[in-house]
Each structure stands twice: as C-alpha cells, then as structure tokens.
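Novice: Sequence:
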Amino acid sequence: MTSEDRERFDNLIAWLINYCFDHQIGVVYNKFLPPTAKSKSYNYPSDLVVVNGNWYPETEIPFIFAHEIGHTIENTPIFNRLAYLGRQKGEYSANVFAINLLAQYCFENDIWFNSIFDFAKAFGIPHDKWYILVDLQKIN
1 MTSEDRERFD
11 NLIAWLINYC
21 FDHQIGVVYN
31 KFLPPTAKSK
41 SYNYPSDLVV
51 VNGNWYPETE
61 IPFIFAHEIG
71 HTIENTPIFN
81 RLAYLGRQKG
91 EYSANVFAIN
101 LLAQYCFEND
111 IWFNSIFDFA
121 KAFGIPHDKW
131 YILVDLQKIN
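The sequence shown: position 37 = 37 (UniProt numbering), numbered continuously.
It should be emphasised that the hints constitute simulated quantities derived from the structure, not laboratory data.
Beta carbons are placed, not taken as given, at the ideal position from N, Cα and C, and that holds for glycine.
Treat the hints with caution; some may be incorrect.
Stated by the list, open to error - Within a straight-line C-alpha distance of at most 27 angstroms, the following computed DSSO-like cross-link-like pairs (lysine-lysine) qualify:
| # | residue 1 | residue 2 |
| --- | --- | --- |
| 1 | 121 | 31 |
| 2 | 40 | 129 |
| 3 | 129 | 31 |
| 4 | 138 | 121 |
| 5 | 40 | 121 |
| 6 | 129 | 38 |
| 7 | 38 | 121 |
Unchecked claim - Distance windows between CB atoms, simulated:
| # | residue 1 | residue 2 | range |
| --- | --- | --- | --- |
| 8 | 112 | 75 | 29 to 35 angstroms |
| 9 | 2 | 75 | 36 to 42 angstroms |
| 10 | 109 | 1 | 15 to 21 angstroms |
| 11 | 126 | 11 | 19 to 25 angstroms |
| 12 | 4 | 43 | 35 to 41 angstroms |
| 13 | 3 | 24 | 15 to 21 angstroms |
Produce the entire structure from the sequences given, and follow the hints as far as they go.
Specialist: Put into structure tokens, the structure is as follows:
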C-alpha cells in the first residue's frame, strides 16, 4: 500500500470504529491474529465486533468490519447458521448493511466512483459479493 492508500485505509478504519462507539458496539481490532482467522460479532452479553486486522488480503478488512457491524446492528451474529433460503439470509443482510455503510462513509467524505465495481474494488468487497451491488442498483 502506498502511504496515501494507507492513510485512506486508516481513516476508514477509524470511521468504522467511531461508528461502533456511536452505536454502543464494542470493538476489538486485533492485528496479531493469524491472517486466516475470521472476524466475529456478538450480541451477548453486550454488542461486540472482533476484527482481524491482520486478515489477508488486507484490502478486504473494511468490508469485513462493516459486515460484522451489520450482524451486530441487526442482531444476526448466529442467524447465519440457522437459516438458509437460497442465499444465507443473515449473511446477505449483513453484506447489504456493509455496502450501505461504506456508501454512507463515501457520502459523508465526498468520495465518488465511476462505477459500482470501482466502489467494490476500493472497499475490498469480494468478487462473489458483487451481485449484491447489482441487486441494490436495481432497487435504487
């Protein structure tokens, strides 16, 4: 990452941490986990997001972080294991939440992209989730 990319990345992570604090969600941003350890979210005994800051590829961390916030806000941290309706309902809704949260960050920081796919690349949205961007574009 260039120093400019690192600054943008760090600003986004700080914004997501502040979003959590504003919504009474605890955050553990751990940079010492193995690069394959999954991030998690919890609602009991209190709302908490645990983010692997050492995840590889690093570019996916903002989307993963926003996704885990989505589980916490929507009270679905374990729902993804309980329901399957063609797409995992809890996972899909957390992905939609994450995309909308990242779009809110862009709006608040006057960041614009030429296409939804440029947006997806900028925030590390994995290719297998890009269909959600297309779904959301059809709705709006």
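Novice: Sort out whether residue 121 lies within 27 angstroms of residue 138, counting only the CA atoms.
Specialist: Answer holds: residue 138 to residue 121 is near 20 angstroms, not above 27 angstroms.
Novice: Has the hinted range 15 to 21 angstroms been met by the Cβ atoms of residue 3 and residue 24?
Specialist: About 34 angstroms separates the Cβ atoms of residue 3 and residue 24, which means 15 to 21 angstroms is violated.
Novice: Mind checking the alpha carbons of residue 129 and residue 38 for me, to see if they're no more than 27 angstroms apart?
Specialist: 17 angstroms, holds
Novice: Is residue 38 close enough to residue 121, meaning Cα to Cα at most 27 angstroms?
Specialist: Within the cut-off at roughly 20 angstroms; holds.
Novice: Taking 27 angstroms as the top limit, are the C-alpha atoms of residue 129 and residue 31 close enough?
Specialist: 25 angstroms, holds
Novice: Using the beta carbons of residue 2 and residue 75, state whether their distance is inside 36 to 42 angstroms or not.
Specialist: Since the Cβ atoms of residue 2 and residue 75 sit about 39 angstroms apart, the hinted range of 36 to 42 angstroms holds.
Novice: Quick one: are residue 109 and residue 1 within 15 to 21 angstroms, going by C-beta?
Specialist: Taking Cβ atoms as reference, residue 109 and residue 1 lie about 18 angstroms apart, which means the hint holds.
Novice: Using the beta carbons of residue 112 and residue 75, state whether their distance is inside 29 to 35 angstroms or not.
Specialist: Since the Cβ atoms of residue 112 and residue 75 sit about 33 angstroms apart, the hinted range of 29 to 35 angstroms holds.
Novice: Does 35 to 41 angstroms hold as the CB distance between residue 4 and residue 43, or does it fail?
Specialist: 37 angstroms, holds
Novice: Is the Cα-Cα distance between residue 121 and residue 31 27 angstroms or less?
Specialist: Distance of about 22 angstroms is within 27 angstroms: holds.
Novice: Should the hint that residue 126 and residue 11 are 19 to 25 angstroms apart at their CB atoms be regarded as holding?
Specialist: 22 angstroms, holds
Novice: Does residue 121 lie within 27 angstroms of residue 40 when you go C-alpha to C-alpha?
Specialist: Answer holds: residue 40 to residue 121 is near 23 angstroms, not above 27 angstroms.
Of the numbered hints listed earlier, the single one contradicted by the structure is hint 13.
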